[in-house]
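Student: The sequence shown runs 1 to 405 under UniProt numbering.
Quick caveat, the hints were computed from the structure, so don't treat them as lab data.
Where hints are given, some of them may not hold.
[Unchecked claim] Restraint ranges, calculated between C-beta atoms of paired labels, are given here:
{"hint": "1", "residue 1": "A336", "residue 2": "D3", "range": "50 to 60 Å"}
{"hint": "2", "residue 1": "A150", "residue 2": "S317", "range": "27 to 37 Å"}
{"hint": "3", "residue 1": "R14", "residue 2": "R295", "range": "33 to 43 Å"}
{"hint": "4", "residue 1": "D249", "residue 2": "D71", "range": "32 to 42 Å"}
All C-beta atoms in this analysis are idealised placements derived from N, C-alpha and C, irrespective of residue type, glycine included.
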Amino acid sequence: MTDVGDRLDQAWRRYWPRLVAGLAARFRDLGLAEDAAADAFAAASRVWPVRGVPDEPMAWLTTAATRRAVDRVRRERVRARSLPLLLVDEGDDDDDLLRLVFTCCHPALSVTSQVALTLRYVLGVPTAEVAALLTVAESAMAARLTRARAKLSGAGVAYRVPSPEELPQRLSAVLSVVYLAFTRGYAPRRGGEVASVEVAADAIALGRMLGDLMPGEPEVRALSALMMLQHSRRDARVDADGGLVLLPDQDRGLWRMGEVAEAVRSLRGLVRAGVTGGRYFLEACIAAEHCVAGRPQDTDWRRIAGLYARLEVLTGSPVVRVNRAVAVAEVEGPQAGLDLLEGVDGLLPRFHLLWAVRADLAGRLGRRDEAVAAYRRALESVTGAAQRRFLEDRLARWESQPEGS
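Using the sequences plus the hints, can you model the full thing?
Tutor: Shown next as structure tokens:
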């Protein structure tokens, strides 16, 4: 890519969220904001290679996008035909970005629509790629985005940051959506989904921005740390053939230790500030324990098991119980892990990782038939192509072994 092309790509990733947010705040129309921003970048792709990259790219893009939005409004003549969100006073870029994030994650929308809007308008992911990430046709995704915008308009959703009374609940939803957007890019779960390092990185960047805008919210910083820690292992998670590589088998020389160090510093800052709990804080602490271990055998499984126990009390999630069982098995042995899983089957009958863990622990105890049966159950519910290949390989190995081996 040329230098101008690189600068244009950097501008897209850096300025798209704030450009759309500012336009949406001024014109109260998310669809208009998207179209005007896209037109501005299209103009930049034509003009910048000829005239050079402007000294203030954001100002140039804002001017170009605003002119296009004004032209469109004038052409329509009737302002009410657009999709109003709410009349608001013009604020600064930070206020606009927060308004956009909270609007895209409004509880009037389904979680899937919240994720789609966040990917498209906040992270600037093209509609075609959003469709691929969420495994739907591009035309269906375009229609979903249109319906979501119309629903916000029809419901009279306020284009604003929630009040202090609303903030805890609304912020929790926003963080969930940001994390879902990250995992869509980082760890696709279905065979047709595509991984996108850029989407995962952009979700991390959004988490950082939210942390800067809301410094008094520790869970925002904790989520950023969690995403950084997970993303730091991206180069080691699959082999050359696209096969899944489990954490103990990963080449730790491929981990991005600079990113690990940044995340750990952030967590230590939270600890110094008196933070001791919170879902994302605990999950980030667990991820940090894995990332700071120089070798698999150096992992502090006892601390990880304790963190999972606290997380289970906090969330009541049976999925957390499955992860806790893995940690307990490393400390107390595989039977202790299996004992923790008693009763979980009925709560997570289609959760393939439960059956994969059961299979692994049974295999460590030499219970070949139990391991084979559990791997088969896991394969009945797994959807990711890489995970399926991994489970098929493990099943084949155990099917070739005699009982008690």
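Student: Give a verdict on every hint.
Tutor: Hint check results:
{"no.": "1", "hint": "A336 x D3: 50 to 60 Å", "in the structure": "holds, 58 Å"}
{"no.": "2", "hint": "A150 x S317: 27 to 37 Å", "in the structure": "holds, 34 Å"}
{"no.": "3", "hint": "R14 x R295: 33 to 43 Å", "in the structure": "holds, 38 Å"}
{"no.": "4", "hint": "D249 x D71: 32 to 42 Å", "in the structure": "violated, 57 Å"}
Checked against the numbered hints above, the structure breaks only hint 4 and satisfies the rest.
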